[in-house]
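All chains, full assembly: derive it from the sequences and hints.
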Amino acid sequence: MRILISLCMLLSVSAIAAPDYTLYFSRHAEQTSSGDLSATGMQRAKNLAAFLKDKNIQAVYCTYLKNTEQTAKPTANQQDLPIIVYENSELPDLAAMLNEKEQNALIIGNMQTIPLLVHLTGGDAQSIDANRFGDVFTVEFAQETPHTRLVDIAPQKNVVAQPLPLDPSSLKTERQRYAIYIDGKEAGYEIREMIKTPQRLEVTHLTLLPQNDINRIVKVRADADSLKPLSVRMSGTVNKAMDVKVTFADNHVVGYSDMSRRAYKEQGHISIDRWLPAHSYAREMILNILPNLQYTSKPSYFNWFNPQDNEVKFISVTKTGEAQVSVPAGNFLTDVVDVEGGAPSLRYFIAKDGEGVVKIEIPAWNWIYEKIPTV
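FYI, in mature numbering (1 follows the signal peptide of the UniProt record, and there is no 0) the residues of the sequence shown are -17 to -1, 1 to 358.
It is worth saying that the hints were derived from the structure and are not from the lab.
A couple of the hints might just be wrong.
[Said to hold, decoys possible] DMTMM-like mimics (lysine to aspartate or glutamate), calculated; alpha carbons at most 20 angstroms apart, straight line: (1) K223 to E249; (2) K223 to D196; (3) K84 to E70.
Model, not experiment: these values are computed from the prediction.
Right, dumping it as structure tokens:
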């Protein structure tokens, strides 16, 4: 049974609402090119139902797309509930109704709508990586105060963050320059510089994309041996003026971020004072040292911290093959390395001759970086 959401549903709220409730938000599971769930996706949908079995789910919502319906169906069948269908244009109305009804509910959507719904209901939203499935945002309301947790309903056994597979002595001072193409057209450039001293590793990224109103400089300092971050400083413009400054003491980070963010994130100035999980590194530092990691066909796992959004992401890095690539800096035989979980995922092409990263693809954005000769 499907029921299309409308504003009139707000009038059907039960006169007596439960004082505490939890909203469970999840992206649809893995799908095939036809839009149906794959075998992996079907299993993940069943895992989701198993996770929610004892959660007293009182309502199940999805869009009209079959990938979201098929993800929601095992839970709806298990709880003997109808699936309530919503339109993506109705997100504010849906969020208002969810808060008004105060029911334990499962809401299935996509990687764009789920963070926005989490935000609209009062939760703390995070961006979802295109290659990540199975994350469930649980927004728990106690005395009308929301508390957000991110749960992986199907974690792999023994998959935890690890120290970087890297010999720090392999790092050296270097400077790389990349042309950036957006939708196939050259849009700007980025300069990446790394300076190695006996005690410190310092990374600087300068990004200029006039059509996107991006003129940004990032400076990261880390311990030369452990690569533990010491400080991150960002300034310039990303749509609006940005000012980010954080310092680290072991796994404790303090500072602030002041900038424009995605619609589902808190805007403007945010204070940062948090403890990071083990094996957490600064995002821009990781982007620079990726060529030096010891890759295998089995993933390596670690955390990276992005102070812009005050987010920690669980990252996997895997060598997936080899490719011959042609860029302005020349022709190269490369290792292809996938970096997943960062929202967006990245694909690195690392030259086998020691030239470093010669090409980077960001499929979710249709961005490509190509190495150009340094002056």
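Checked hints:
1. K223 to E249: 15 angstroms, holds
2. K223 to D196: With a Cα-Cα distance of about 8 angstroms, the restraint between K223 and D196 holds, given a limit of 20 angstroms.
3. K84 to E70: Given pair K84, E70 holds - Cα atoms ~19 angstroms apart, limit 20 angstroms.
The structure agrees with every numbered hint stated previously.
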